[in-house]
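J.: If you're matching them up, the sequences are chains Z and H in order.
Residue numbers for the first sequence follow this note's numbering, beginning at 399 and rising by one.
Residue numbers for the second sequence follow this note's numbering, beginning at 6 and rising by one.
It is worth saying that the hints were derived from the structure and are not from the lab.
In this text, a Cβ means the ideal position worked out from N, Cα and C, and glycines have one as well.
Some clues are possibly wrong.
Cβ-Cβ distance ranges computed for the label pairs, FRET-style [said to hold, decoys possible]:
(1) H:Glu70 <-> Z:His628: 14 to 22 Å
(2) Z:Phe504 <-> H:Val193: 42 to 50 Å
(3) Z:Pro614 <-> H:Ala159: 52 to 60 Å
(4) Z:Gly541 <-> H:Ile200: 43 to 51 Å
(5) Z:Pro733 <-> H:Ala66: 45 to 53 Å
(6) H:Met21 <-> Z:His628: 52 to 60 Å
(7) Z:Glu632 <-> H:Ala90: 56 to 64 Å
If you want a taste of the chain Z side facing chain H, the calculated C-beta under 7 Å gives, among others [stated by the list, open to error]:
(8) Glu475
(9) Pro478
(10) Gly481
(11) Trp502
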Amino acid sequence: MKKSVLFGALAAAGMTAGVAGAATLDDVQARGVMNCGVTTGVPGFAEPDANGVWQGFDVAVCRAVAAAVLGDSTAVEFVPTTGKTRFTALASGEIDMLARNTTWTFSRDVDLKFEFTGVNYYDGQGFMVPASLGVTSAAELDGATVCIQTGTTTELNLADFFRSNNITYEPVPIETGSEAVQLFLAGSCDVYTTDRSALAAQRANFPAPDDFVVLPEVVSKEPLGPLVRHGDNEWGDIVRWTLNALITAEELGVTSDNIEELSAGTNNPEINRLLGSEGTLGEMLGLDAEWAKRAIAAGGNYGEVFEGNIGAATNIGLARGLNAQWTDGGLIYSPPFR
Amino acid sequence: MSTMTDPQPQGFRLGMLISDTRYRSYTFQFIALILLIVSIAYLISNLFANLAANGLDISWAFLGEPAGYDINQRPIEYTSQSTHARASMVGAINTLIVAFLACVSATVLGVIAGVLRLSNNWIVSKLMSAYVEAFRNVPVLIWILIIFLAMSNAFPQPRAFRGETPDATMLFDAVAFTNRGVYVPSFVNGAGSAIFWLVLLASIIGVFAYRRYAKNLLFKTGKLLPTGWPSLAILIVPSLLMYFVLGQPVTLEYPELKGFNFQGGVHMRLSLIALWFALAIYTGAFIAENVRAGILAISKGQTEAAAALGMRPGRIMNLVILPQALRVIIPPLISQYLNITKNSSLAIAVGYMDITGTLGGITLNQTGRAIESILLLMLFYLIISLSISAIMNVYNNSVKLKER
């Protein structure tokens, strides 16, 4: 295999370069750095800050996994991927995991041979229109011009929605979200559609947010989550349970502030198992006992990551909604650590 | 006196493959060929082995599955339930539409600009220099975006046409310029319209036949027939007569504001117009330079000789200079046509659904079949480019200097 690298790279543009054997964990540990695929820049989810350091909700998942596996939350090589390149990058082994607002769908999971390791954000597609149109429901949009970001599940949902309601529309496919917003503000389209979290975020940045309304219809389920390649279940388990550790930490009240104190041992056995003072969960994953402690310490528990990057106090200003813990009426739920 | 005899022809020995200069070059070429084939076969098998190792099997089954997405500009029947192959076909036709429009306009623009740049009129020639330098030195992607954004911000929204005292009105009550595109009236074919179109087609052929006849007459007898008004008459009169005889079979459908948008007529989308204009003016600047080079390549003596025969400057250009200049102009013109076709893949910047947008964009994304889609895309552009080259080479052979 080694010898073929040069020729293979010539033949298939680096298809072979990182032929990832089954043991992604060994590769990552040998390399000392984890390659994590992220977006090319979505505020709140993944974007480099003024110092060039990647920040965001998806980035935090990468950092937590790196902290668990390598003991260093900064040992991550962020690989910006576009909607087009993300799956090839993961399948070819260029990246070890993908945390990029990617909707968990059947065909991506089964046909493209990926493994979604959980959901870190429950989203749904919605519509935004100028309030002056007087539209109150998406069913009234017959004949409207709709701006969509191309290459996403949104355009499929859009086609399905209009077809099932037996109304027509004129799609205006746009490469990036910011361009679509410009066209929408210029009146080149009547409707802008994307995930409701993004609609809310972008509306907040409009010059006059009150002139625009987000219609009540949610036309799709968009569970967004990190994914890895099929066939390396050990690595998949690590990513899955790192995400679950962040979620469980919030449920159990483990925060980045009190984690040192709690990791000394508490009278709650699940916290003890999570933080490694009891049981051998880390060993079962092929890691050490404190893997989850490091993952949580990297950026805080799920709630802290949410509030710090996209929560109500940030510019994005998203409410927890569906993404509240199950104990608070949301969908965020982790299987037990035992 | 000595006699020279040819050495006795010897039987072929294996060693001669190396020692004999007659065979040696073949031997080495054969060995090189074998090595080349082996290494290519190795690369391909390696590619497939590694694709399989990564779980990326090559499969074309996705082309037969429903695409699931909508396309705004549909030259052929297409719904979101059509297959990916159908979506690719729509994209391919859209690519050809914009490439054809841009090639024609770029040629017209380029020839005019190239000729005028050599004008003796200082202002005209400087204006054309400014056009050429401004447009060919800025990337075409920037021009596409500039035109698109300028139009989407400058033109009124369809809503502005509404009401008793609208902010915007339609040109001649027929053409609406909106920031979603230009709506122009379309033809509605009634009963007997086929006859009308056939007559029109026949008239066009008639015009060409008449001009050829006039040219032959000029060459044979030196008699100069007028071509301007008879051509116009041949073109218009029979069609006009037929139009009224058949009871006005072809009518115009005017665009009308209904609901959110104009309905009826032909909708030329902003993305098509922006891409078309940008490709035309950008490549037109290059063609202008080719034309100028072609004209300058013709010896000044030709112009002077024609002038000495008493020809007017316009005739000199059309009858003496340009036909000779074409020999120099055509070969680089072919590359410009290829450039237009390939540059049309920038369509995605303004959301024009060409084949890069459908097959190489949405289909690739929704199915994840990147390698297959890109291979098909390469094949498409290769075939189109080679076809354009082939057609233009045939034309080039017909105008090039005939050596006898």
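J.: Would you mind marking each hint as holding or not holding in the structure?
T.: Comparing the hints with the structure gives:
Separation of Glu70 of chain H from His628 of chain Z is about 21 Å and conforms to the stated range, judged on CB atoms against 14 to 22 Å. Checking the proposed 42 to 50 Å range against Phe504 of chain Z and Val193 of chain H shows it holds: the Cβ atoms sit about 45 Å from each other. Our hint of 52 to 60 Å for Pro614 of chain Z and Ala159 of chain H is violated, since their Cβ atoms are close to 34 Å apart. Between Gly541 of chain Z and Ile200 of chain H the CB atoms are about 36 Å apart, so this pair departs from the stated range of 43 to 51 Å.
Remark: the range hint 45 to 53 Å for Pro733 of chain Z to Ala66 of chain H is contradicted by a beta-carbon distance near 36 Å. At roughly 59 Å, the beta carbons of Met21 of chain H and His628 of chain Z sit within the given window of 52 to 60 Å. Taken as a hint, the range 56 to 64 Å is violated for the pair Glu632 of chain Z and Ala90 of chain H, whose Cβ atoms sit roughly 40 Å apart. The closest approach between the C-beta of Glu475 of chain Z and any C-beta of chain H is roughly 20 Å, which is over the 7 Å cut-off, so the hint fails.
At about 16 Å, the closest approach between the beta carbon of Pro478 of chain Z and any beta carbon in chain H exceeds 7 Å, and the interface hint on this residue is violated. Because the closest C-beta pair between Gly481 of chain Z and chain H is about 6 Å apart, less than 7 Å, the hint holds. Annotation: Trp502 of chain Z was flagged as interfacial toward chain H, and the flag is violated, the nearest CB pair being 14 Å apart, outside 7 Å.
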